[in-house]
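Novice: Sequence:
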Amino acid sequence: MSLRLNFFPVKEVAIGEKAGWTDGRLDINLDDVRTQIMKDAHVKQVCFDLVHPGESTRVIHVLDVIQPRVKADGSPCFPGFLAPSNSGGQGVTNVLEGLLVASCAQVEGANPLFTPKEGIIDMGCPGADLSPFAGSHLFVLKLEFLDGLGDEDLAQSINLAGFRAATVLAGITLREIPARQQVLDSRVISPNLPGVGVVMQLGGEGPLHDTYIAGHSVTGMLPLLTRYEKLADGMVVANNFTYASQRNYTCLYQQNMLLESLLARADEVALRGVILTRGYSQSRDSKLRMAGLAAEIADASEVEGVIVTTEGAGNAHIDTMLTCQECEKRGLHTVILLNEMSDTNGNDPGFIDFVPEADAIVSVGNREEIIELPPVDQVVGGTLLEGKILAAGEIKVPLRDICGATNEMGAWRNGAQAF
1 MSLRLNFFPV KEVAIGEKAG WTDGRLDINL DDVRTQIMKD AHVKQVCFDL VHPGESTRVI
61 HVLDVIQPRV KADGSPCFPG FLAPSNSGGQ GVTNVLEGLL VASCAQVEGA NPLFTPKEGI
121 IDMGCPGADL SPFAGSHLFV LKLEFLDGLG DEDLAQSINL AGFRAATVLA GITLREIPAR
181 QQVLDSRVIS PNLPGVGVVM QLGGEGPLHD TYIAGHSVTG MLPLLTRYEK LADGMVVANN
241 FTYASQRNYT CLYQQNMLLE SLLARADEVA LRGVILTRGY SQSRDSKLRM AGLAAEIADA
301 SEVEGVIVTT EGAGNAHIDT MLTCQECEKR GLHTVILLNE MSDTNGNDPG FIDFVPEADA
361 IVSVGNREEI IELPPVDQVV GGTLLEGKIL AAGEIKVPLR DICGATNEMG AWRNGAQAF
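Mapped onto this note's numbering, the consecutive letters of the sequence shown carry residue numbers 1 to 419.
Heads up, a few of these hints could be off.
Here are the simulated lysine-lysine pairs, PhoX-like style, with alpha carbons at most 20 Å apart [unchecked claim]:
(1) LYS39 x LYS142
(2) LYS329 x LYS287
(3) LYS44 x LYS142
(4) LYS142 x LYS388
(5) LYS117 x LYS396
(6) LYS142 x LYS117
(7) LYS117 x LYS388
Note that these hints are calculated values from the structure, not bench results.
Full structure from sequences and hints, please.
Specialist: See below:
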């Protein structure tokens, strides 16, 4: 089954009484968005901001970033949340390109370990060079939730607010003519080209540090073979609010740069599938099971090479290394993507685990490197960073606080300069 994507670029965006998209200009009616978000009784209040590339603006408390998408017939994407769990991955989907929804909130989880960490996006340089999201217009949701919510209810409400906003915005394009189209069809594979598979690790330890597949937590899952078409329609979504630089955001599943780059080289390699697997398994036996099954699926898919992505560090690095080892045992050439958790100068080892088979590692940067960012004219999403630091002033923060800066799916250009 194929999926056609209709792209509608957003070069200019404004708030107005009448919603519309014309020749790259998007007008948003805030009441339309607010009405959908406030359907959730757990949401106490939502405020909106528009920020633009190049502005002296700092967005803080970012939890998730979502690309606005909707089916061309007006039905929603995001299976398991807004659409039936078995839907998506075929038909036609409208996409707003150049605008993202950023969900922001300051919340606490019942487990302090999973309380959301700081997430920063600077729209102007030098900070803009560190995040893959600073080059897009951002429609920012500042969310407040009712007191006393359990982690599961809080996690669900965070997701629903962002997905509903994204659906309303994408719906503005209905009945408009797209600027360009892209067809995703996993059935079109050349048998004469070397096959490549992507093992995509999804972080999951429970609410607020989780990933959902068709609305279901990845905790307890076994590896699953799927198609990019399903990801593009929102089958996999983020609910992981740990360190901002290394977490995967929903938009990075919807439009995955690694998969896009492989498709762009379709005359050299054949993408034979995406294998979803869980990171942060809680025992050695479960880690070995996940690694072995993911490698077995890759081998059965008749690939010659595998790219293993990661979400997180520490515990997740062990999962990545074991998956690499299992793939190499089966004769599959394997490349892994990892962010490093060294000291601030990069002198300490960046990984807590290593296997001899891991001889092709792409480092996407050291999350502990200290970054100095200048004062900004405007802050949205809040006023104080973690530690009660004034967000508008000059700040020194570890790279891990910058959204997407060391993303381990290859979403951005940061990386190690030398070993």
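Novice: Sort out whether LYS142 lies within 20 Å of LYS39, counting only the CA atoms.
Specialist: 16 Å, holds
Novice: Is the Cα-Cα distance between LYS142 and LYS388 20 Å or less?
Specialist: Within the cut-off at roughly 18 Å; holds.
Novice: LYS142 and LYS117 were given as a pair; does the straight-line alpha-carbon distance stay at or below 20 Å?
Specialist: 16 Å, holds
Novice: LYS117 and LYS396: Cα distance at most 20 Å?
Specialist: 16 Å, holds
Novice: Verify the proposed pairing of LYS44 with LYS142, using a straight-line Cα cut of 20 Å.
Specialist: Distance ~11 Å between LYS44 and LYS142 Cα, so the pair holds.
Novice: Holds or violated: LYS117 with LYS388, Cα cutoff 20 Å?
Specialist: 13 Å, holds
Novice: Under the criterion that the straight-line Cα-Cα distance not exceed 20 Å, is the pair LYS329, LYS287 satisfied?
Specialist: 16 Å, holds
This entry satisfies every hint, going by the numbered hints stated previously.
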